[in-house]
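K.L.:
The sequence shown begins at 9 in our numbering and counts up by one.
Don't read these hints as lab results, they were simulated from the structure.
Possibly wrong hints are sitting among the right ones.
Derived Cβ-Cβ restraints for the label pairs, each shown as a range [unchecked claim]:
hint, residue 1, residue 2, range
1, Asp115, Ile228, 42 to 50 Å
2, Lys196, Ile157, 20 to 28 Å
3, Ile228, Leu130, 15 to 23 Å
4, Ile228, Arg129, 33 to 41 Å
Keep in mind that this is a model prediction, so the values were computed, not measured.
Beta carbons are placed, not taken as given, at the ideal position from N, Cα and C, and that holds for glycine.
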Amino acid sequence: MIARFLRNFFWSLLVGVLLTWLYLSYVRAGAHEAILIEDRYTGLDPRVLLPGQTRMVWQMANPGRVHLHRVDIGPRVLSLNYRRPLAQSELLGLDEAFYVQADLRIDFSLDPQRSDALFRRLGRPDWSELDAYLRLRLSLLLDREMERINPNDAALNGLERQLYAYFNESALLQMNEELAAEGVHVDKLWPVRLYTPDPARYQAMLQNAPQILAQKLERIRVVDDARARQDASRITDEAYVSRMQRMGELMERFPQLRSYLAIDRLGNQVQVYVVPYEGWNGGAPLTPGDLVPPQGRRNQSAAPGAGPAAAPAPPAGAGGGRFQDLTPP
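Construct the entire structure; sequences and hints are all you get.
P.N.:
This is the structure we're talking about:
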């Protein structure tokens, strides 16, 4: 009884593992998608899984070994906001009012059999980079066409009309020729908005180029000076905070440093007087004349022919003696 139960359990477990393996290995592409299979050890499989096809990928039973790159083959929509500055616009720091602008809507689709070639040209192995890659390729194409139509910004008067003619006639064919190797087919091109700078305004800005450059350099100088002052203030503050932190640590270890710091912060103009012992004065209160500053004592001792300073004998009387600071200089 137990042996038969164990035998049935073993076969049930084996069948369950086999069914799980088959389920994990089964890959099916949707009606509008292609799948590229990348093995971590063998690399990208050149056999693209076309729309509606199925395949058993046995390596998927090993978690993390196989990655499926799914891509919608279309129809897809790409929005391209093309901007090209005129010859002197960037040098003078002019805004986009002096840029040739074209907002385009591009309907396209992908050839699933060539999707592996397109995938290998992306910036990184991820289909989310596809739109950025196509914008780059088409912008370079439009740059070449702009150099042909308007090589030196001399045809601004009729440039907008030429651009409409280009996008409605030959642009679609050129884009398909540009992207044919990657399996990208442009189905429709819509010039949503076109803009060209005003020629008279652009010429007026060129005539004022020296003043514009001088103002731009002055703004740069002001900003650099402000940043330099900000950096200097930040460095000074950091040094002060660091010094205070070290001083706090020392005062925590040596509390007697508080008295030293209080004395060390006294200015150079502070005068120090030596007050005599109270019993010397016979208990009588001191008057301002009883105290002699150190400068007076040093001046007296520096007189020509004077010998070593000696303490004068205090005269008798109730008024007491006159005291001087006799500490060595």
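K.L.:
For the hint 15 to 23 Å, verify it against the beta carbon of isoleucine 228 and that of leucine 130.
P.N.:
For isoleucine 228 and leucine 130 the Cβ distance comes to about 38 Å; the hint is violated.
K.L.:
Using the Cβ atoms, figure out if aspartate 115 sits within 42 to 50 Å of isoleucine 228.
P.N.:
Roughly 45 Å apart at Cβ, these two residues keep to the hinted range, so it holds.
K.L.:
Assuming the hint says 33 to 41 Å, is it satisfied by the Cβ distance from isoleucine 228 to arginine 129 or not?
P.N.:
Once the Cβ atoms are compared, 40 Å apart, the range 33 to 41 Å for arginine 129 and isoleucine 228 holds.
K.L.:
Taking 20 to 28 Å as the stated bounds, is the beta-carbon spacing between lysine 196 and isoleucine 157 within them?
P.N.:
Since the Cβ atoms of lysine 196 and isoleucine 157 sit about 22 Å apart, the hinted range of 20 to 28 Å holds.
The structure fails hint 3 only (numbered hints given earlier).
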